[in-house]
Amino acid sequence: MTRGLGRTPYFVVAGGLAVIFLFPLLWNAWASVSGQPGTAQESGHGFGNYRTLLNYDAGLWRYLLNSTVVSALTVTLTLGVSLLGGYAFARFDFPGKNLLFLLTLAILMVPYATLLIPLYVLLGRLHLQNSLIGLSLVLTMFQLPFATFMMRISFEAVPRELEESAFVDGCGTAGALRRVLLPAVRPGLITVGLFAFLAAWNDFVAPLILISDSTKAPLPLAVANLRQQSMGAVDYGATEAGVVVLAVPCLLLFLLLQRHYMRGFMSGALKG
Amino acid sequence: MQVKAAARPRLSPRAVRGLAYATPTAVFVAVFFLLPLLLVAQMSLSDWPLLTGDQGINAPENYTDAIDSTLFWPAVRFTLLYTVIVTVILLTLALLLALLVQESRPAAGFFRTVYFLPGALGLASASLLFWGLYSPTTGPLSRILEKLGLVDDPVSFLGTPTAALLSTVFLIVWKFAGFYMLILLVGLQRIPHEVYEAARMDGANRAQIFRSITLPLLRPSIALTLLLCVTGSLLAFDQFFILTKGGPDNSTVTVVQLLYREAFQRLNLGTAAALSAIVLAVLLLLNAVQFRGLRRADES
Chain A
446 MTRGLGRTPY FVVAGGLAVI FLFPLLWNAW ASVSGQPGTA QESGHGFGNY
496 RTLLNYDAGL WRYLLNSTVV SALTVTLTLG VSLLGGYAFA RFDFPGKNLL
546 FLLTLAILMV PYATLLIPLY VLLGRLHLQN SLIGLSLVLT MFQLPFATFM
596 MRISFEAVPR ELEESAFVDG CGTAGALRRV LLPAVRPGLI TVGLFAFLAA
646 WNDFVAPLIL ISDSTKAPLP LAVANLRQQS MGAVDYGATE AGVVVLAVPC
696 LLLFLLLQRH YMRGFMSGAL KG
Chain B
96 MQVKAAARPR LSPRAVRGLA YATPTAVFVA VFFLLPLLLV AQMSLSDWPL
146 LTGDQGINAP ENYTDAIDST LFWPAVRFTL LYTVIVTVIL LTLALLLALL
196 VQESRPAAGF FRTVYFLPGA LGLASASLLF WGLYSPTTGP LSRILEKLGL
246 VDDPVSFLGT PTAALLSTVF LIVWKFAGFY MLILLVGLQR IPHEVYEAAR
296 MDGANRAQIF RSITLPLLRP SIALTLLLCV TGSLLAFDQF FILTKGGPDN
346 STVTVVQLLY REAFQRLNLG TAAALSAIVL AVLLLLNAVQ FRGLRRADES
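Sequences listed follow chains A and B, in order.
Residues 446 to 717, numbered by the working numbering, are exactly what the first sequence covers, in order.
Residues 96 to 395, numbered by the working numbering, are exactly what the second sequence covers, in order.
Rather than coming from a laboratory, the hints here were simulated on the basis of the structure.
Keep in mind that this is a model prediction, so the values were computed, not measured.
Idealized CB from N, CA, C, for every residue including glycine.
Heads up, a few of these hints could be off.
Unchecked claim - Using C-beta positions, here's what the derived DEER-type ranges look like:
| hint | chain 1 | residue 1 | chain 2 | residue 2 | range |
| --- | --- | --- | --- | --- | --- |
| 1 | B | Leu243 | A | Ser659 | 40 to 48 Å |
| 2 | A | Pro604 | B | Arg390 | 30 to 38 Å |
| 3 | A | Pro604 | B | Asp297 | 54 to 62 Å |
| 4 | A | Ile465 | B | His288 | 25 to 33 Å |
| 5 | B | Arg390 | A | Asp502 | 48 to 56 Å |
| 6 | B | Arg105 | A | Gly620 | 24 to 32 Å |
| 7 | A | Gly620 | B | Leu130 | 31 to 39 Å |
| 8 | A | Val457 | B | Arg387 | 42 to 50 Å |
| 9 | B | Gly148 | A | Trp506 | 30 to 38 Å |
| 10 | B | Thr147 | A | Asp502 | 26 to 34 Å |
| 11 | A | Arg605 | B | Arg295 | 41 to 49 Å |
| 12 | A | Gln703 | B | Arg105 | 48 to 56 Å |
| 13 | A | Leu571 | B | Asp248 | 48 to 56 Å |
Using the sequences plus the hints, can you model the full thing?
In structure tokens:
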């Protein structure tokens, strides 16, 4: 469709749009190390805003640790549950199979907020209120529709002969899963893990509702709270530094694992 | 229910294995999804202050309280308005982007990655970023507009109800345009080249090809983006919570924000649960309608 049309207009339009899409990211990174009145970095360039962030309330390291714990737990739980579940749905027949699969997908139909209000009460009863473990369990549940769907189609794409040759060698279903199937569904696991990480690292609403102790806040919640620091004064510089710390792992992971990201995307988009 | 089935003696060993592998999924679905759904129904029928917990049935007080609240109808109106504006602008732009960076274009891969990049950020991070970008004192946008001579005074991007709405829409378009572009690109790639060639042989021009080939064949992908975009916008929370805090003068309070305020500022979980149930019912209804519309579109 480019025929009959010089390439210059295309590059002008596509390039202009690229500038618009990149500008906020680049501006934020630059502003976080630039001088602004009312911030720790009054003038010149430097890491004053990052120092504010390091010393804010419980400290940046604390919030990074909280976020890392929640992300690691969510990724591990999501991978474990969806690996076994995907295997079950793809390879076994058991009573209630279709009902359970439909119920898992139905999580997508229910608004986040509708579930978080009762989950707040429920986690209190389970003594998991204000706990990073409770938060991770909830985030894992929200990941299950995509993860289970993804792992089911990953297992279904593996030829049955591969598994059967493992049975011939004397493996049980668990042995076949560990030795033969696990390497075969690795791309699916990477996709599921990547999506679970991005969701857990970035989530704002679940911690906002489920975590009230500020020392247990994950990073997005902490940065949002930090905006109004001392006596209602607004610290734009520290917020910009916080956005950089939040964004860098996501951007790096996306650029490194772009192919796996697209795979998750395609399977999601194709089912529509 | 799964456990009971496992106890039945006639189950084959293979079925027992399958059940065992599915058990973690079943536990998660039962404890963190089905149980909360039952609980939200019970809460919505009960007097349930945040601090003291269940005080017994008071139905239908929570529902009438929720609907009679002065902010309820303004929040519904605002959420609908926001949804319409975001959906129209976002999907139009996403379609234009997808057409712009199709497979055959030079450097298409690079441009796609760039357009998608904001999508890798979290919504809260993106909202915090734009909060700085829109700042009348330190944000760059106001200064750029002044230098270009488009405005005389510093612009207050979040100061009036209209400005706050449009500024939030701009943030969301920036964050999600690349995401919807990708879904539409998947659809575009599934249209066979032969169809285009046949149309060109018949002498169709580009506008005709777009109207009578691209658009109809892209309909399933467009329907998917529509469903995702409408659902996501109706449930909008993070962007308004962080960027506008519902202001100015409560002009940008969405339904989910109202739900949050009811629960954690007015400390009334019962009314918040009633609002949750209303939101759930509306969404299920909407999904059913869209699903039927989709199916009819497929048949025609």
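Review point. Hints broken by the structure, by number, lowest first?
Key: 3
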